[in-house]
Amino acid sequence: NSKVIQTPRYLVKGQGQKAKMRCIPEKGHPVVFWYQQNKNNEFKFLINFQNQEVLQQIDMTEKRFSAECPSNSPCSLEIQSSEAGDSALYLCASAGQYAEQFFGPGTRLTVL
Amino acid sequence: GDSVTQTEGLVTLTKGLPVMLNCTYQTTYSPFLFWYVQHLNEAPKLLLKSSTDNKRTEHQGFYATLHKSSSSFHLQKSSVQLSDSALYFCALSLYRGSALGRLHFGAGTQLIVIP
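In order, the protein sequence lines correspond to chains A and B. The first sequence begins at 174 in the numbering used here and counts up by one. The second sequence begins at 18 in the numbering used here and counts up by one.
Hints are not guaranteed to be accurate.
As the list claims (entries may be wrong) - Pair ranges (Cβ atoms, derived):
| # | chain 1 | residue 1 | chain 2 | residue 2 | range |
| --- | --- | --- | --- | --- | --- |
| 1 | B | Ser96 | A | Glu241 | 38 to 48 Å |
| 2 | A | Gly258 | B | Thr24 | 25 to 35 Å |
| 3 | B | Asp19 | A | Ala272 | 17 to 27 Å |
Stated by the list, open to error - Covered stretches of chain B, as calculated for chain A (at least 3 residues, CB under 8 Å):
| # | segment |
| --- | --- |
| 4 | 60–71 |
| 5 | 116–125 |
No lab work stands behind these hints: they were computed from the structure. Just so we're clear, the structure is a prediction, and the values are computed from it rather than from any experiment. Every residue, glycine too, gets a C-beta built ideally from N, C-alpha and C.
Please build the complete structure, drawing on both the sequences and the hints.
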C-alpha cells in the first residue's frame, strides 16, 4: 500500500481564489510527481522533482500554477487564481530513483 | 511523441470469464510499461510493471508480457471476479537522466464484471 500522504483530501474554492495542496512522499523516495485527473479520468502531467530540483514540467503550469519540494517540508502545488476548469483530482506520486510511482489518495479540488 | 493507446473504453464481462485489455505504446526510447488499477474514488494502484522484452509478469492473477516488436503490453486474467470491476490504465515511462520520468497514461479501460 502507498504511503504517500496528501492533504487536504477535498478543497473547495471560488473562482480567483488560491488553492494549495500538499504532499508528503513515501520515505526514501527522491522523486515526486504531480498529475491532474479530470472528470473524464484523463491524466495530465504537471511537474516532477528529484529531491528539490525540477526535472520536468509542462507549459500548462503556466503562471497560475507553482510547485515546490523543499527539503524537510511537504511538497506543495498551488494555483494562484483558480478557474472552473481547474476542478479535478490532483494526484501526487513518489518513486525511487529507477522505480515505479506510488500514488497518494489525491486532493479533489472543486472551483465554484 | 511518446504515447499510449488503449482501444477499449468499456469492457463488460460475466464473472469467471477471461479478459484481455489492450495496450500499445509509441516511443523511440527504451520503455518501462505499467498497469495501474483505479477503483471508484480511490488513487491508482500499481498492478504490473515491466521493462524486459518477452518476459511475462504476474500479480494478483493478472499478467502481461511486454513485446517490444509489436509495442504492446496487454493485460490479461484467466477468470475475472466481481472485485476486478475498476478502471485500468496502461502507462509508459522513460529513463530521464538519473530517474524514470513522468508517466504517459492511456485513456483507460473501464472493466465491469457482472454476476
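### Query
Are 3 or more residues of the segment 116–125 of chain B near chain A, judged by a Cβ distance of less than 8 Å?
Held - the segment 116–125 of chain B has 9 residues with a Cβ nearer than 8 Å to chain A, which meets the minimum of three.
### Query
In this structure, is the beta-carbon distance linking Ser96 of chain B and Glu241 of chain A contained in 38 to 48 Å?
Given a distance of about 47 Å, which is inside 38 to 48 Å, the answer is holds.
### Query
Do Gly258 of chain A and Thr24 of chain B keep their Cβ atoms within the hinted range of 25 to 35 Å?
holds, 28 Å
### Status of the given 17 to 27 Å range, CB of Ala272 of chain A versus CB of Asp19 of chain B
Given about 19 Å between the Cβ atoms, the range holds.
### Task
State whether the coverage of the segment 60–71 of chain B by chain A holds or is violated, taking the criterion as 3 or more residues with Cβ-Cβ distances under 8 Å.
holds (count 5)
The structure is consistent with each of the numbered hints, conforming to all of them.
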